[in-house]
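These protein sequences, in sequence, are chains Y and V.
If you read the first sequence in our numbering, its first letter stands for residue 1, the second for the next number, and so on.
If you read the second sequence in our numbering, its first letter stands for residue 1, the second for the next number, and so on.
Since the hints were made in silico from the structure, they are not lab data.
Take every hint as true, because none was put in to throw you off.
Below, computed lysine-lysine pairings styled on DSS-like, alpha-carbon distance capped at 25 Å:
#1 V:Lys106 / Y:Lys89
#2 Y:Lys232 / Y:Lys89
#3 V:Lys32 / V:Lys156
#4 Y:Lys232 / V:Lys106
#5 V:Lys106 / V:Lys156
#6 Y:Lys89 / V:Lys156
#7 V:Lys106 / V:Lys138
Short derived list, chain V residues pointing at chain Y, Cβ under 10 Å:
#8 Asn75
#9 Glu77
#10 Glu87
#11 Gln88
#12 Ala105
Residues from chain V shown here face chain Y by an in silico Cβ test under 7 Å; the list is partial:
#13 Ala79
#14 Tyr84
#15 Pro86
#16 Pro90
#17 Val107
Ideal Cβ placement from N, Cα and C applies to all residues, glycine included.
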Amino acid sequence: MNGVVAIYQKELATYFRSPIAYFVIAVFLLGTGYFFIYNIFLTGIGTMDETFQNMGILLVTLIPILTMRLFSGEYSARTMELLMTLPLKAWQIVIGKYLCAVTMLLLMTIATGINLIPLYLYGNPESSTILSGYIGFVLLGMACLAIGQFFSALTQNQIVAALITIPVLLAFWFIGHAQGFQASDSLRSLLGYLSFSQHFGDFIRGLLRTEAVAFYLVVSAIALTLNTSYLKWQR
Amino acid sequence: MNTTSTSISLESVSKRYGSRNIIHDMSFSVSKGEIVGFLGPNGAGKTTTMRMIAGYTTATSGRVVVAGYDMATDNEEAARRIGYLPEQPPLYDVLEVAAYLRFVAKVKGVARSAVASELDRVIHACRLEAVVTREIYKLSKGYRQRVGLAQALLGKPEVLLLDEPTAGLDPGQIQETREVIRAFGADHAVLLSTHILPEVTLICQRVAIINDGRLLAIDSPDGLQRASEQTNRVSLIVTGPAEAIREALLGVEGVAAVEVRADRGDTLAIECQVDSRPEIAAAIARVVAARWSLHRLERQQPTLENVFLRYVGEEKSGAKA
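If we strip away everything but chain Y, and leave its shape as in the complex, we get:
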């Protein structure tokens, strides 16, 4: 466990000593604030539904910037040679980095809580729905982070890592839209099942379904396992 903690602390220190974390958090909060104001004050609907939907797509596009350096940065700085020769197991490196990325996600999520102040002051929102939306948001983010982290391990170039991650995450987000073009029922339900946005939609509507929770966790686990296996294989 020591190894995971050491990697985690090192990653966190690295995030906050480079401008990337501040940039991503700032863009995310600006975007979320804009969507919130637009949805609440211009349309006059006192719920977070639309805002969550917008936060989801914003997250999908920003996560690659957060994850791109996780492994690519280690390769290009030649520090991977240190990590792989220290008494660390591959999974400890993967989990330490992942937990740090999840911490960044949680910080971003908590910061959006400021939107709830006017919502509760001037409206009468349903707390359970909001809570479920936030749970869905964090789970969605965890799956995206795991995927981004895996792609970051495949290349030395951070930009390339981001450029692979963005279309993959967008594909998972929009894949549900392809349902309309499919004649076969099983294919339609498969596409719906793989859709990040459809599962997220359940959470936004206040439905905390085991299937949706499991979906995001399984996606994260698969990506992290691939990540670990890839590091082992490299040796």
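Please arrange chain V on chain Y, whose structure you already have, making use of the hints.
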């Protein structure tokens, strides 16, 4: 567990990348309390061998055993006993020196209560006091190299692997770094790669010469020199008839073999294999200059440089044949 004093052992180790053979059937060992220099031209396979011993890559065949642990199966246990400075020091630029060293100490399993004193020890040994609170990206090349060395020394590892530890240092720093390595080598096994020849004579008990992924020789610097002294060379440039000169030279006591090549016109380039007596060059000069015109005579000294070039050169001509 290991019970003998052998800390690093390679048994018939080979490494292949695709169809390319990088390391061929390499075997040697390093004992506790011994500093072994790994000498070879660029691209000889020094870094790859270091990486296999450090556990960064695995051998395609053969066995690498470090501190009694097989790197193929127990590399994590072995990693606790290895300090490794790669060719390019693996540093996190945005961290301060102290934060970086604390990170490595923690991963190496240095007890929480011992971290501060362990950091002090390596910071002092590598003369890093002045830059402890500075971010690594602000450091000069010499300091970066020494932060890398400090990292390797953390946790007093049984085995120290240093890939060109003095590269990029100024003469004063090189001197200090050698002192650190020599002190550490007194009770640990150290393998250091370099292409700076005087370095190995100064601090290494044994030298391994490698080229093209093959181990050509391993011996003490003195032993290698003695071996080459038996085949000392004197080279001459003379104008005269080849056969007559060859006979005259073979008549000189201590000349074992003579090789004659045409240089320009009737000028000849001649190489004599001689024994180690210093007066031979003068005797050859007397014999040749009395009858023909001698343009140049040079006694090749058995420096480690010559030994190295001889091994590497022989290997090259052997490969061509």
